[in-house]
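Trainee: Chain by chain, the residues run as shown.
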Amino acid sequence: GESVGLHLPTLSVQEGDNSIINCAYSNSASDYFIWYKQESGKGPQFIIDIRSNMDKRQGQRVTVLLNKTVKHLSLQIAATQPGDSAVYFCAENAGSARQLTFGSGTQLTVLP
Amino acid sequence: KAGVTQTPRYLIKTRGQQVTLSCSPISGHRSVSWYQQTPGQGLQFLFEYFSETQRNKGNFPGRFSGRQFSNSRSEMNVSTLELGDSALYLCASSLIGVRTEAFFGQGTRLTVV
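Here the protein sequences line up with chains A and B, keeping their order. With our numbering applied, the first sequence corresponds to residues 1 to 112, in that order. With our numbering applied, the second sequence corresponds to residues 1001 to 1113, in that order.
This is chain B alone, in the form it adopts within the complex:
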C-alpha cells in the first residue's frame, strides 16, 4: 500500500510569489491535514480537510489556503510569499480524522528567498 505522497519535495521561491503544494493520501483515507514545521515554532497545524470540506483551520493568515478534491487528494496554496514562510510543509492522512492513526508524507521543503 503506497504511503502519503507529497510533491514537489523541494521548492525555491521568491518573496511575493505564490506556491501550490500537493498531497496524495493513502488509498481509502478521507482526511488530510497540513502542518508547517520550522526550527523556531516546531510543528504547527494549518488546516484539515475531510470529504472536500475544510473542517478546521489553524492560526495562520489568509495567505494560506487549501482544498481537497473528490479523490481525497489535497493541495495547499501560499500566496504573497514571505521569508518566514520557509519551512517543511507536511501532509498527514487518516481514515476518517485525527482520532485515528495519522500518517505523514515526506514533506515539501519550501525556501523563500
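Here chain A stands alone, though its shape is the one from the complex:
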C-alpha cells in the first residue's frame, strides 16, 4: 500500500509580513545548526547557519535564533516574498557525528 507521508507543519503568511519558522531539536549534544530552503523539484538550498556559542545570527532578510535551554531554533524571514514559498528544514550536527540530522520541515506559503 502507499506509505504515509510526513505531516508537514504549514505556515501561511501575507506578502510583506514577517515569517517565523520553528524547529525543536532533541540532541543536547548538537552544537551546529543549519536552515535550508527546498523548492519543489530542487535540492535544499543553504540559508544560514549558527553555532552553539551564539544565540542569534543575521543574514540578508533572515535571522536565526538559538535557545539551547529549551533546544529550540527559529528562522525569521523579514518582509516575506512570493519567492520565499518553499519547505524549510532545520538540520543539526553533534560534534562527534559526521552527519546532519534533519527535521521534518515546514511548508511556507506566501499569500498575495
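One thing to keep in mind: the hints can contain errors.
Estimated spans, in silico, between C-beta atoms of each pair [to be verified]:
(1) B:1062 with A:79: 47 to 53 angstroms
(2) A:95 with B:1005: 28 to 34 angstroms
(3) A:76 with B:1014: 31 to 37 angstroms
(4) B:1111 with A:67: 28 to 34 angstroms
(5) B:1053 with A:39: 41 to 47 angstroms
(6) B:1062 with A:10: 46 to 52 angstroms
(7) A:45 with B:1027: 15 to 21 angstroms
(8) B:1095 with A:27: 36 to 42 angstroms
(9) A:9 with B:1020: 42 to 48 angstroms
(10) A:17 with B:1015: 44 to 50 angstroms
(11) B:1059 with A:53: 40 to 46 angstroms
No lab work stands behind these hints: they were computed from the structure. No experiment lies behind these values; they were computed from the predicted model shown. Quick reminder that beta carbons are idealized off the backbone N, C-alpha and C, glycines included.
The hints should help you fit chain B onto chain A, whose structure is shown.
Mentor: Positioned in the frame of chain A, the structure of chain B alone reads:
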C-alpha cells in the same frame, strides 16, 4: 563557482537491478555526504566521505554503498533495487565536513518499478 552537480537527474530502474549515481562537489570541497529523501521518512543520512574514506554511515542496508575519488567526486551504488528505494538522492559537499556550510546538489530522482 559551479555548484554541486549530480548526474543523472532522473532514473527509472527495475526491481533487482543496480544503479550508480554520481556527485561532483564544489571545487575545493573535500567532504561529500549522501542523503535519501522520501515523503515518508524525510531526509535521511546515508554516508559521508572525506579524503576518499568513508567517515560515517547511516542506518541503511549493505545494498547501499559509495566511494570517493581522489578529485573528491563521489559515487553511490544501490544493488538489488527494491520498490522502497524510490527516492530523491541528494549529495552535499562541504569544505572539510558537516560542521562547515554544506551545499546540496539538485538530486537524482530514482524510480524503481
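Trainee: Does each hint hold? Answer for all of them.
Mentor: Hints and how they fare:
1. About 49 angstroms separates the C-beta atoms of residue 1062 (chain B) and residue 79 (chain A), a value consistent with the hinted range of 47 to 53 angstroms.
2. The given range of 28 to 34 angstroms is respected by residue 95 (chain A) and residue 1005 (chain B), whose C-beta atoms sit roughly 30 angstroms from each other.
3. For the hinted restraint 31 to 37 angstroms between residue 76 (chain A) and residue 1014 (chain B), the CB-CB distance of approximately 47 angstroms leaves it violated.
4. Between residue 1111 (chain B) and residue 67 (chain A), the C-beta spacing of about 41 angstroms breaks the proposed range 28 to 34 angstroms.
5. Roughly 33 angstroms separates the CB atoms of residue 1053 (chain B) and residue 39 (chain A), a value that falls outside the hinted 41 to 47 angstroms.
6. Between residue 1062 (chain B) and residue 10 (chain A) the beta carbon distance is about 38 angstroms. The supplied range of 46 to 52 angstroms is therefore violated.
7. Between residue 45 (chain A) and residue 1027 (chain B) the beta carbon distance is about 19 angstroms. The supplied range of 15 to 21 angstroms therefore holds.
8. For residue 1095 (chain B) and residue 27 (chain A), the hinted distance range of 36 to 42 angstroms is not satisfied, since their beta carbons lie about 23 angstroms from each other.
9. For the hinted restraint 42 to 48 angstroms between residue 9 (chain A) and residue 1020 (chain B), the CB-CB distance of approximately 36 angstroms leaves it violated.
10. Checking the proposed 44 to 50 angstroms range against residue 17 (chain A) and residue 1015 (chain B) shows it holds: the Cβ atoms sit about 48 angstroms from each other.
11. A hinted range of 40 to 46 angstroms is violated for the C-beta pair residue 1059 (chain B) and residue 53 (chain A), which are about 30 angstroms apart.
Violated hints for the displayed structure, listed by number in ascending order: 3, 4, 5, 6, 8, 9, 11.
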